[in-house]
Each structure stands twice: as C-alpha cells, then as structure tokens.
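Let the sequences and hints guide you as you build the complete structure.
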Amino acid sequence: MKYIIFFLLIYSISPALRSQDMGEQQKKLVIDEHYKKALEAYSRKDYPSAVNHWSEIVRLDPEQQSAKDLLRKARLELADHNKKKEKEAGGHIVEGRYAKAKDIVQILSVSDPTNARYKELFSRLDEVAAVAPEVSKGSPGTVRLIRTAMKYFLSRQENPRLAITTLRYARQRDPKSKEVEGLLGVLEGRFPKEAQEEVPIEGLDLARQKLEVALTHIYDAKYTAAIQECNEVLILEPDNVDALKRMGSAYYKLKNKPKAREVWRRAQRLAPQDKELKAFLASQ
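First residue of the sequence shown? That's 24 in the numbering used here, and the numbers climb one at a time after it.
Every clue listed holds true.
For lysine-lysine, the following DSSO-like pairs were computed, each having C-alpha atoms within a straight-line distance of at most 30 Å: (1) Lys106 to Lys60; (2) Lys60 to Lys96; (3) Lys68 to Lys106; (4) Lys91 to Lys142; (5) Lys142 to Lys160; (6) Lys282 to Lys174; (7) Lys108 to Lys123; (8) Lys68 to Lys50; (9) Lys201 to Lys160; (10) Lys50 to Lys60; (11) Lys107 to Lys174; (12) Lys123 to Lys68; (13) Lys245 to Lys301.
For each label pair, taking beta carbons as the anchor points, the in silico distance ranges come out as: (14) Val117 to Glu211: 19 to 27 Å; (15) Glu220 to Thr247: 17 to 25 Å; (16) Asp262 to Glu220: 25 to 33 Å; (17) Lys51 to Glu118: 49 to 57 Å; (18) Glu100 to Lys280: 49 to 57 Å; (19) Lys216 to Leu99: 34 to 42 Å; (20) Arg67 to Ser178: 29 to 37 Å; (21) Glu157 to Glu299: 41 to 49 Å; (22) Ser66 to Thr247: 52 to 60 Å.
These are computed hints drawn from the structure, not numbers from a lab. The beta-carbon is built from N, C-alpha and C at its ideal position, and this holds for glycine as well.
Printed below as a string of structure tokens:
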C-alpha cells in the first residue's frame with residue numbers, strides 16, 4: 024500500500040516538475056533571444072532598443088549581472104547620444120525652426136519615454152509649431168522678439184512672464200503679425216497668472232513703461248529692482264541708451280562704480296555725443 028501511495032505522489036508531482044523545467048527552458052530561450060537582439064542593437068548604435076532588451080533580461084532574471092553591466096553601459100551611451108540630439112533641438116529653437124525642433128524632441132521622447140522634460144518640451148513645441156513652424160521671415164525686429172520669447176518659453180530656465188511681455192511688445196511693434204498673436208494666445212492660455220503680472224498701459228509701449236518703473240525704483244532707493252527692469256528693457260531693445268544710463272546710475276548708487284562705468288561706456292558707444300553720459304564719466 025505504501026508503494027502505491029508513493030507511486031501516486033510521484034505521478035502527481037512529475038507533471039508539475041516537468042512543466043517547471045519546460046518553463047525554465049522557455050525563459051532561457053527568451054533571455055538568449057533578448058541578448059542577441061540587444062547586442063545587435065548596440066552594435067548598430069540603436070541604444071534605445073538595446074536598453075529595452077537588456078531591461079527585459081533583468082526583469083526576467085534579476086541575477087543576470089552581465090545584463091545589468093551592459094544595461095548600465097547602454098544607458099550611458101543613450102544619455103550621451105541624447106545630449107547631442109538635445110543640442111541639435113536647442114539650435115533649431117534658437118534659429119526659430121520649431122517644427123524641426125519638435126521632430127527631434129519626439130525622437131528623444133521615444134528613446135526615453137520616462138523623461139518628463141522631453142514630454143513637456145514636446146507638448147510646448149507642438150503648440151508653437153502649429154502656429155509658427157519656422158520664424159525667419161518678416162521684420163527683423165519681430166523675428167528677434169519672437170525667438171527671444173520662445174527661448175524663455177522653451178528653455179530649462181523658463182520665464183513665462185518675460186516671454187509674454189516680449190510677445191506683447193512685439194505686438195505693439197507689429198500689430199498685424201499673426202504669428203505674434205497666435206503665440207501670445209498660446210502663452211496666455213498656459214500661464215494665466217503670469218499674464219496678469221505685467222499689463223501694458225494704453226498709449227505707452229512696454230519698453231518705455233519699464234523705463235518709468237526703473238526710474239521710480241531709483242527714486243525709491245530700490246536699485247536692484249531698477250537694474251532688473253533695465254535689463255528687461257535691453258531684452259526688448261538691446262541698444263536702449265536710457266536703459267543703460269539708468270542701470271549705470273543704479274550701480275553707482277549701490278557703490279559699484281566699476282560696473283557703473285562699464286555700463287555708461289557701453290551707452291556712450293551707442294550715443295557718443297550724449298552730454299549726460301559725458302558728465303557721468305567725467306565725474307568718475
């Protein structure tokens with residue numbers, strides 16, 4: 024009777040054991056196939072595919088140390104590869120080629136689906152490119168202002184308020200530009216709070232408005248705030264002599280005379296006959 028029970032136990036367990044053996048064999052075949060595909064992908068510098076295959080090996084068998092080492096190496100290669108692509112996308116953004124930048128960021132997103140930065144940048148570029156695939160034609164001043172605004176919208180060091188202000192100034196300068204109007208709508212829709220931070224005064228362009236604010240800050244002894252306003256005027260108008268004069272005065276009040284002289288000299292190169300600047304520099 025004991026022998027019969029033993030036989031029955033062996034008979035009942037054997038299929039499970041055989042099934043487990045088959046499962047391990049099948050897993051080994053799958054892992055071998057992933058290794059093959061990973062190495063092929065790595066050799067042709069398809070690092071995203073290599074990462075995916077080695078990740079799957081580690082998932083199937085966490086003890087696969089060689090797969091872990093190769094996965095780490097592939098990820099480093101992918102990061103280096105993506106840096107080149109990021110630089111390429113950044114170059115297109117600087118030159119106003121937003122549709123091309125979007126295409127590259129889409130490739131980056133596919134190669135690294137967990138990268139939140141790629142996902143957000145693609146979303147923004149998608150909206151921008153729908154309005155302005157490329158900004159290169161038209162008034163040079165408008166082109167420069169749009170590209171500047173997009174830099175503050177699309178870069179890692181984003182500044183939505185300044186991006187909106189720059190586009191509003193572009194609209195004051197070029198009210199018929201459909202690109203400016205469309206992009207301004209995109210930013211004001213995304214950043215309603217920032218859109219309310221600096222509202223244009225009717226009858227006064229934003230550069231002049233900010234110059235008046237800077238002057239008020241100087242009168243109120245808020246010199247750092249005055250310098251910031253002047254810097255933003257120079258973003259809108261890089262050759263604005265009044266902004267440079269007031270910035271120099273603010274630095275002078277902060278007892279930073281070398282910086283004040285540097286800024287005033289920059290202004291004097293733009294306006295060599297300006298009597299006020301001559302007086303400022305003569306007193307130093």
